[in-house]
Amino acid sequence: MTENTSATKSPKAPAAKFGGKGINIGIVVAALLTIMGLALWVMQLSGGMVQTGMRNLDSWGLYITMFMFLVGLSAGGLIISSAPRVFGVEGFGGISKIAVWTSICCTVLAIGFVVVDLGQPLRLWELFAYSNLGSPLMWDIIVLGTYLILSIVYLWATLRFEGGKGSATSLRVISAIALVCAILVHSVTAWIFGLQQGREMWHTALLGPWFVSSALVCGVALGSWWSSLCARRATLSSTSPSS
0 MTENTSATKS PKAPAAKFGG KGINIGIVVA ALLTIMGLAL WVMQLSGGMV QTGMRNLDSW
60 GLYITMFMFL VGLSAGGLII SSAPRVFGVE GFGGISKIAV WTSICCTVLA IGFVVVDLGQ
120 PLRLWELFAY SNLGSPLMWD IIVLGTYLIL SIVYLWATLR FEGGKGSATS LRVISAIALV
180 CAILVHSVTA WIFGLQQGRE MWHTALLGPW FVSSALVCGV ALGSWWSSLC ARRATLSSTS
240 PSS
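The opening position of the sequence shown corresponds to residue 0 in numbering that gives the first Met the number 0, with each subsequent residue numbered one higher.
Since the hints were made in silico from the structure, they are not lab data.
The beta carbon of each residue, even a glycine, is placed where N, CA and C say it ideally should be.
There may be inaccurate statements among the hints.
Unchecked claim - Between beta-carbon pairs, the in silico distance windows are:
hint: 1; residue 1: ARG171; residue 2: ALA38; range: 46 to 54 Å
hint: 2; residue 1: VAL27; residue 2: PHE86; range: 29 to 37 Å
hint: 3; residue 1: VAL41; residue 2: PRO208; range: 37 to 45 Å
hint: 4; residue 1: GLY87; residue 2: GLU125; range: 44 to 52 Å
hint: 5; residue 1: THR203; residue 2: LEU228; range: 33 to 41 Å
hint: 6; residue 1: VAL172; residue 2: LEU132; range: 21 to 29 Å
hint: 7; residue 1: THR168; residue 2: LEU117; range: 38 to 46 Å
hint: 8; residue 1: LEU117; residue 2: ILE148; range: 15 to 23 Å
hint: 9; residue 1: ARG159; residue 2: CYS104; range: 16 to 24 Å
Input sequences plus hints: build the corresponding full structure.
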């Protein structure tokens, strides 16, 4: 007598599908914006930095404006991610991981804007070959590079701890270092602005705390927004009928 194995077989799980209508539309829009951005960048390389809004009275144009904005978002994201772990505050686990992810993405974008602002990206190596440590711009590059590495290490330590492979003490130490670096990265940026004597509003010692507090507010806003989107996506996925 043969067994009816078809009755005892477990139902096959449906194949995982990538994305969805919203994600596919987002990818198409991002691709179109990338192509348009590359075309405009070629125009800028041929027409000069005046294309970004730079004039005799405006030493920094669109690229540095976006750099400042993204550095603020990045620093704020890492602050709200690492500070609760440093001071032992519970209840920030969900937003903490999202905040450090957004921090890394914003840092990469900020570095990209610095590269295109050079006008001659192929000469990027000269920043390190002929570096001037007496310039605050060079210190901004050093702190930003260190900050990106620490953000990646902090994310790795967080994922390792959640997987049960890391200790709480080591994660807390890394969180403290990341918190200090997040404050420094925006303090150095404020230092650069504070040296502009021709701008009365910038030439003040209060610019550092102002930048850090603004970054904290922006980081909380970005982390909360992404957390609400992820929570809404998870809710829709859990309530959708199974195929």
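These are the hints, each one checked on the structure:
At about 47 Å, the beta-carbon gap between ARG171 and ALA38 stays in the expected band of 46 to 54 Å. Distance hint check: the CB atoms of VAL27 and PHE86 are about 43 Å apart, inconsistent with the given range 29 to 37 Å. With their beta carbons about 41 Å apart, VAL41 and PRO208 fall inside the hinted range of 37 to 45 Å. For GLY87 paired with GLU125, a C-beta distance near 46 Å keeps the hint of 44 to 52 Å intact.
For THR203 paired with LEU228, a C-beta distance near 37 Å keeps the hint of 33 to 41 Å intact. Look at VAL172 against LEU132: about 28 Å separates their beta carbons, and that is inside 21 to 29 Å. THR168 and LEU117 have their C-beta atoms about 42 Å apart, which keeps the hinted 38 to 46 Å range intact. Judged by the Cβ atoms, the range 15 to 23 Å given for LEU117 and ILE148 holds: they are separated by roughly 22 Å.
For the pair ARG159 and CYS104, the supplied restraint of 16 to 24 Å holds, since their beta-carbon distance comes to about 20 Å.
Checked against the numbered hints listed earlier, the structure breaks hint 2 alone; every other hint is satisfied.
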